[in-house]
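Enquirer: The residues making up each chain are set out below.
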Amino acid sequence: MMKQRGMRQSAAWLLAACAIVTASAASAAEKKGSTVILATTTSTQDSGLLDVLIPTFQKETGHFVKTISVGSGQAMAMGRKGEADVLLVHSPADEQKMVAEGFGVHRRLVMHNDFIVVGPASDPAKIKGAKSSKEALKLIAEAKPEAKALFLSRGDNSGTHSKEKGLWKAAGMNPEGQKWYQQTGLGMGETLSVASEKDGYTLTDRGTYLSLAKKKKLHLEILVQGEPLLLNVYHVIEVNPEKWPKVNAAGARAFADFMLSKETQGVIGRFGVDTFGAPLFFPDAGKKPESLGL
Amino acid sequence: MDLIIEGVVKAFHLLIALDPEVLGITFLSLMVSGTATIISLAIGISIGAIVALTSFPGKRIVVSLVNTGMGLPPVVVGLFVSIFLWRSGPLGFLGLLYTPTAIIIAQSIIATPIVMGITVGALQSLPASLRLQILALGATRIQMVWMLVKEARLPLMAGVMAGFGGVISEVGASIMVGGNVRGYTRVLTTATVMETGRGNFDVAIALSVLLLSFSLVINYALTLIQQRDRPR
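Here the protein sequences come in this chain order: L and U. Taking the numbering used here, I'd label the letters of the first sequence as residues 6 to 299. Taking the numbering used here, I'd label the letters of the second sequence as residues 180 to 411.
Among the clues, some could well be false.
[To be verified] Cut-off 35 Å, straight-line C-alpha distance, at most; resulting in silico cross-link-like pairs (DSBU-like, lysine-lysine):
id: 1; chain 1: L; residue 1: Lys-222; chain 2: U; residue 2: Lys-189
id: 2; chain 1: L; residue 1: Lys-203; chain 2: U; residue 2: Lys-329
id: 3; chain 1: L; residue 1: Lys-64; chain 2: L; residue 2: Lys-86
id: 4; chain 1: L; residue 1: Lys-222; chain 2: L; residue 2: Lys-248
id: 5; chain 1: L; residue 1: Lys-170; chain 2: L; residue 2: Lys-292
id: 6; chain 1: L; residue 1: Lys-222; chain 2: L; residue 2: Lys-153
id: 7; chain 1: L; residue 1: Lys-248; chain 2: L; residue 2: Lys-203
id: 8; chain 1: U; residue 1: Lys-189; chain 2: L; residue 2: Lys-219
id: 9; chain 1: L; residue 1: Lys-64; chain 2: L; residue 2: Lys-170
id: 10; chain 1: L; residue 1: Lys-170; chain 2: L; residue 2: Lys-102
id: 11; chain 1: L; residue 1: Lys-64; chain 2: U; residue 2: Lys-189
id: 12; chain 1: L; residue 1: Lys-219; chain 2: L; residue 2: Lys-149
id: 13; chain 1: L; residue 1: Lys-184; chain 2: L; residue 2: Lys-131
id: 14; chain 1: L; residue 1: Lys-64; chain 2: L; residue 2: Lys-133
id: 15; chain 1: U; residue 1: Lys-238; chain 2: L; residue 2: Lys-220
[As the list claims (entries may be wrong)] Computed beta-carbon distance windows for the label pairs:
id: 16; chain 1: U; residue 1: Leu-273; chain 2: L; residue 2: Lys-248; range: 17 to 27 Å
id: 17; chain 1: L; residue 1: Lys-222; chain 2: U; residue 2: Ala-221; range: 41 to 51 Å
id: 18; chain 1: U; residue 1: Asp-198; chain 2: L; residue 2: Lys-153; range: 38 to 48 Å
id: 19; chain 1: L; residue 1: Lys-251; chain 2: U; residue 2: Ile-229; range: 34 to 44 Å
id: 20; chain 1: U; residue 1: Ser-348; chain 2: L; residue 2: His-111; range: 24 to 34 Å
id: 21; chain 1: U; residue 1: Pro-269; chain 2: L; residue 2: Lys-64; range: 34 to 44 Å
[As the list claims (entries may be wrong)] Some, not all, of what chain U presents toward chain L, calculated at C-beta under 10 Å:
id: 22; residue: Thr-247
id: 23; residue: Gly-248
id: 24; residue: Leu-276
id: 25; residue: Gly-378
id: 26; residue: Phe-380
Just so you know, these hints were derived from the structure itself, not from any lab. Note that CB positions come from ideal geometry on N, CA and C, so glycine has one too.
Chain L extracted, bound-state conformation (with noise of 0.2 Å):
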């Protein structure tokens, strides 16, 4: 009967105790000011670039951002229903249609930098030196069988996948449903891992490849860069407040302020130098997209 109380008295002081944890812990992050959420891409996530702002800016200001790090299109569609307050992400062509129609506001342009196709070494489609990214689709496309080209996509409506589906259009093709073609469904990280370990292509943001290329030992070359339609802008967008008052529009606004300061730029601007040798992102706030040739 003792050994029963014991038990019970036990569970019971448990319980308290973790009533108590989770109470405080709530609490402490309610004290400072108000919750931010961001839904952002995962490429700003897995570059580590969230985890270099996002403690000077709870600093600074004394609010608490939730980082909710999903696809581009994924954190647009939270921001559509109002579940997150600010967005910070890179599918262009989806954020003017939110922006147009009312559910998202101030739009601003904070950085970018660029998509690359890499590939295995051996480079079965002989894509390496084509003179575009639609020259160089086209060799993967249209590479014999016995080549066993593979293009390994996203597939997650993500930025990312959806300037892919926007290079394949430009290309006059439709890989969907090709051998050749298969999609993962992951981030950015993970499909580099996919692409590496099978030999395939990919199209990826230049930030995520240069940040895990040696940490994941990819097997994976640049093959195509530089042209002005493989530019990768990220923008800030603040969900309207309007279409739901649930939103915290001042904390949205005190995030995207913070983005596009002298110091946070400054701080985009160097990150990464030390470890890479080159900047992962370049600062762009203020600027016209047409400057980046857009």
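With chain L fixed as given, assemble chain U onto it according to the hints.
Expert: Just chain U now, kept in the frame of chain L:
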């Protein structure tokens, strides 16, 4: 192979150095899954006992439903809990999405059918004459149920372990309703997924080693309690 050894070494480094971030993640995992297990025990054992000890029309259907629920996919639970907790959802006013509480809710839903199913099985496997005997000795219904639960404590403890093991290792629901927010809702499993995505395999292995060690320690403790009380 080197990678695995490096990862294990890294795990010890992180533990010995008492890395505050890793400690926080570990503590949150134990707290969230521990709370969810306790909640699932309260609900699972009480409803499980009612289902096992009463007879009503459609009882077999209810038991099959509970048994199916034992294999409830965490992502399905994560999806539905998210929909309910969205700002625009029916429980949106609570503001619980992307909080540790949201993970506790989802994990409780995952663990409850496991505990309930094992409770039903355990109580039904007791000899039917035992009930009559207890009642004949003048016990009230509540006393009778309590004695039966005590009699079935060996398999019930297995239920506790199965429930806890199911939720501490679960990642789908935690990432959907918790959001893997650094220092707030990042638990061992979601951190492992993220570090793998980032190519930090040594940290990912370190977190896995931690997860396995804690599961082992807790299951060992529960097994000790279970075996100590072995009926003669």
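Enquirer: Per the hint of 41 to 51 Å, is the separation of the Cβ atoms of Lys-222 (chain L) and Ala-221 (chain U) within bounds?
Expert: Cβ of Lys-222 (chain L) to Cβ of Ala-221 (chain U): about 49 Å, so the range 41 to 51 Å holds.
Enquirer: Do the alpha carbons of Lys-64 (chain L) and Lys-133 (chain L) lie within 35 Å of each other, as the hint requires?
Expert: violated (47 Å)
Enquirer: Within 35 Å, alpha carbon to alpha carbon, are Lys-219 (chain L) and Lys-149 (chain L)?
Expert: holds (31 Å)
Enquirer: Starting from Lys-64 (chain L), check that the Cα of Lys-86 (chain L) is at most 35 Å away, please.
Expert: holds (29 Å)
Enquirer: Within a Cα-Cα threshold of 35 Å, do Lys-170 (chain L) and Lys-102 (chain L) meet the stated pairing?
Expert: The hint holds at about 17 Å.
Enquirer: Verify the CB-CB distance for Lys-251 (chain L) and Ile-229 (chain U) against the hinted window 34 to 44 Å.
Expert: holds (39 Å)
Enquirer: Please work out if Lys-238 (chain U) and Lys-220 (chain L) have their alpha carbons no farther apart than 35 Å.
Expert: violated (56 Å)
Enquirer: Tell me if the straight-line CA distance from Lys-248 (chain L) to Lys-203 (chain L) falls inside 35 Å.
Expert: It is violated: about 45 Å lies between the C-alpha atoms, which goes past 35 Å.
Enquirer: Is the hinted pair Lys-222 (chain L) and Lys-153 (chain L) satisfied, with a Cα-Cα distance of at most 35 Å?
Expert: Cα-Cα ~22 Å, so holds.
Enquirer: So, as I understand it, the hint says Gly-248 (chain U) touches chain L; can you test that by seeing if any CB pair is closer than 10 Å?
Expert: violated (23 Å)
Enquirer: Measure nothing beyond the straight line between the CA atoms of Lys-64 (chain L) and Lys-189 (chain U); if it is 35 Å or shorter, mark the hint as holding.
Expert: holds (30 Å)
Enquirer: Holds or violated: Lys-64 (chain L) and Lys-170 (chain L), Cα atoms, limit 35 Å.
Expert: violated (40 Å)
The earlier numbered hints that this structure contradicts are 2, 4, 7, 9, 14, 15, 20, 22 and 23.
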